[in-house]
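Student: Each chain is listed here by its residues.
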Amino acid sequence: MRAEFCDSLVDLAGIREFVFLTGDLGFMALEPLQSALGPRFINAGVAEQNMVSVAAGMAREGCQPWVYSIAPFCYARPFEQIRNDICINKLPVRLVGNGGGYAYGSMGATHHALEDYGVLLSLRSIRIYVPAFGCDVGPAVRLISDRIEPSYLRLGRTELKDEKSLPPYAPWRKVLEGAAGVMIVIGPIAGGILEYARGLLLASRPAIWVLTEFGGESGCPLPAQVLQEISESKQLSIVEEHVVEGGMGQRLVHYLALHGHKIPPFHHFSAQGYPSGRYGSQAWHRRENGIDVDSIFSGIAADEKA
Amino acid sequence: MTIDGDELQTVAKRARLRLLKMHFDAKMGHIGGNLSALDAMLSLHHCVMTSDDAFVLSKGHSAGALYIALWSKGLLSDEDLETFHADGTQLAGHPVPGWHDSIPIATGSLGHGFPVAVGMALARQLRTTPGRVFCLTSDGEWQEGAMWEALIFWSHHKLQNLTLLVDLNGLQGFGTTHDVASMADLGARIRSFGVQVLEVDGHDLLGIARAANNNPGAVLLLRTKKGKGVSYMEDKMEWHYHPMSASQYSLAVVEITGSESGNES
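Chains as they are written, first to last, in our numbering: chain A, 25 to 330; chain B, 607 to 871.
Check before you lean on any hint, since a few could be wrong.
Stated by the list, open to error - Covered by chain B, according to a simulated footprint, are these stretches of chain A (three or more residues, beta-carbon under 8 angstroms):
#1 62–72
#2 100–110
Claimed, not checked - Below, computed lysine-lysine pairings styled on DSBU-like, alpha-carbon distance capped at 30 angstroms:
#3 A:K198 / A:K286
#4 B:K842 / B:K619
#5 A:K114 / B:K764
#6 A:K114 / B:K679
#7 B:K627 / B:K834
In short, the hints are calculated from the structure, not lab data. Glycine is no exception: its CB is placed at the ideal position from the N, C-alpha and C atoms.
Using the sequences plus the hints, can you model the full thing?
Tutor: Pasting the structure below:
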């Protein structure tokens, strides 16, 4: 999604207040943005805490800063700077973490982002954007650009080969009809799930909803149509490349319980961390954690039979 | 400058008394570091800064001195000061955001204000916005790694519209800076990053003003005394924390006014 991200930001380069800070990352990807922004493209070096605080100071002066790094270096290393300098001061800094979930694969655990939006949602004022498809990046970037409060954009790798038939971008989108329960998916893993489910009969596949935005001032409301479908469903599944703790599975079920909605039999496909202590590609980690397409669909099918 | 030396001394004396009263009334500690930082903030606000300039208090635990500096400029009232540390206040023990134009950012956790001030200065340089940014740090604060990250960044971008002041009182939370994690010679260390460093008497208001006005983009190492002006507090670590008893407060007032009655003149 880096190409879509870069293109979308280049389109915004005419905004005088727009500044971009990178923690020395973006080689072979962000050069067009560097050219478009000139001195407003700032390589802050390998110093993420300073980068986030500098961005907060720039926002305080009326700039529209974006801060970019590999996801864990963006939200984990400078967490106190995000909490104190951005969120307590309610400054519109746009954080961008590249490589959500296990996207950095065999680069190792330090480069994975399994708890990013859970941690950031606890700060309450940040709105989270998790594009599921390459075509989501542009609309998400434009929405984030217009925000006057903090944002976090979690980028991954586009997985759906043909995005032409997708409905237009929305925080909640139904991307496939189905009669065997409701499945809510967060992130690019939606691409593989959608391709697989399209090959199943309507009666034997869940309705698939993709959730792309959550948190911030609007909290976690579910649209009426999603609530209706959940209430009529025999099964609810939530898929996310994120740990259970603070993830959207927890938040959505909490929302349903708090508002007195019926919760059907529930599957939460989420990251467990590193059960075997071994490392591999993103696909390998998904398999090990039971969040690959085969494990997900065999899991919900087994539940139906039971 | 719009204020002469005699007037400034009067302002400083009134401010010191008001700071002590505010802390005594609120039964709050942190008075030692406030007294060491007060003169720098008075100097900046009375002799250096214009309405275009911004001040960031990186050593947020000296919020009391900042409130008093703003009070001495008529930017806060006595009624405001009476709410210091009280329930429902905006004058918290460390500055909170969003309520006063002269407090641009919430601070309190050390090592944050300086990099934020660097960002403010960079934004002003990029946007050719007038005005300078001033930032006051403590000395113990330099044990935070983020300070050195900010120093590298500031030096690299050659931001001449930022002036950094360091309250070099030599005492921190649980010992002297020398004993806890020595950074001597801090000036040389900072200078080695390519930034101009000057040593200034941190209680000489006019000297601070001259150094700040004549040396854009510099670090001013302020030689200060924790608890400055109150003999039993000066250079005593415990006054990082202790609130004053009634007798201690009375004694402090006498020392500053030179009068048993506590009158200012």
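Student: I'd like to know which numbered hints this structure contradicts. Please list them from smallest to largest.
Tutor: Violated hints: none; all satisfied.
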